[in-house]
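S.K.: Listed in order, the protein sequences are those of chains U and C.
For any residue, its number in the numbering used here is found by taking its place in the first sequence, counting from 1, and adding 11.
For any residue, its number in the numbering used here is found by taking its place in the second sequence, counting from 1, and adding 4.
Honestly, I wouldn't trust all of these hints.
Which stretches of chain C does chain U cover? Using the computed rule of at least three CB atoms under 8 Å from a CB of chain U, they are [said to hold, decoys possible]: (1) 11-21; (2) 55-68; (3) 73-87; (4) 99-107.
These aren't lab readings, by the way, just hints derived from the structure by calculation.
These figures come from a predicted structure and were not determined experimentally.
Virtual Cβ for every residue (Gly too), placed ideally from N, Cα, C.
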Amino acid sequence: EVQLVESGGVVVQSGGSLRLSCVGSGFNFDDYTMHWVRQAPGKGLEWVSLVTWDGGSTSYSDSVKGRFSISRDNSQNSLYLQMNNLKTEDTAFYYCAKDGVSLSESWSWGQGTLVTVSS
Amino acid sequence: NFMLTQPHSVSESPGKTVTISCTRSSGNIASNYVQWFQQRPGSSPTTVIYEDNQRPSGVPDRFSGSIDRSSNSASLTISGLETEDEADYYCQSFDSSITVFGGGTKVTVL
């Protein structure tokens, strides 16, 4: 069974930094592109960032470019999101997701971790 | 970058059929696969359709997906509507390493 478990969400002050983690199990972690997707309370899903299977390519939404950095450690089946210069509008549930499209599989999602940025 | 536009909400009675559209603002809808995610209140999203029209195991065949090149849109159809189908539904696609989600459609079962 595919499992994705996020951690690291806390309350942080505006301008602060935070690192989120996501551990995957039940699949070959290093075969898949991985994403971070966020959802502000009561709002829709917003894509944040992706990293390819080998970490060789990353991409970011305009709203986080230059402030967030995605990385992965395939030896630890882990995905990370380093979040710097946090703003109140970054307050959201952050989900990691396994992108199976390149292998003709469906996306799988974690349960999410809540980041609250206070002013 | 492109946008995916969905209706804000749809509602229908149990046993009926609803169709949710997802219109791509630029670029060809058929150039990149479309996924559909269901999110029930208080839960993480789950996939109901991937690669335009494929259902993951465990998803009832009441759910189907399609692409319409003429309108540059994708659609999710839920037939035989059940109360458990009440949820938010999001379409998703990508282009040039950018992933885009639609704004979401709330499905209400009357």
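S.K.: Next step is simple, just say for each hint if it's right about the structure.
M.R.: The hints, checked one at a time:
no., hint, in the structure
1, 11-21, "violated (count 0)"
2, 55-68, "holds (count 3)"
3, 73-87, "violated (count 0)"
4, 99-107, "holds (count 7)"
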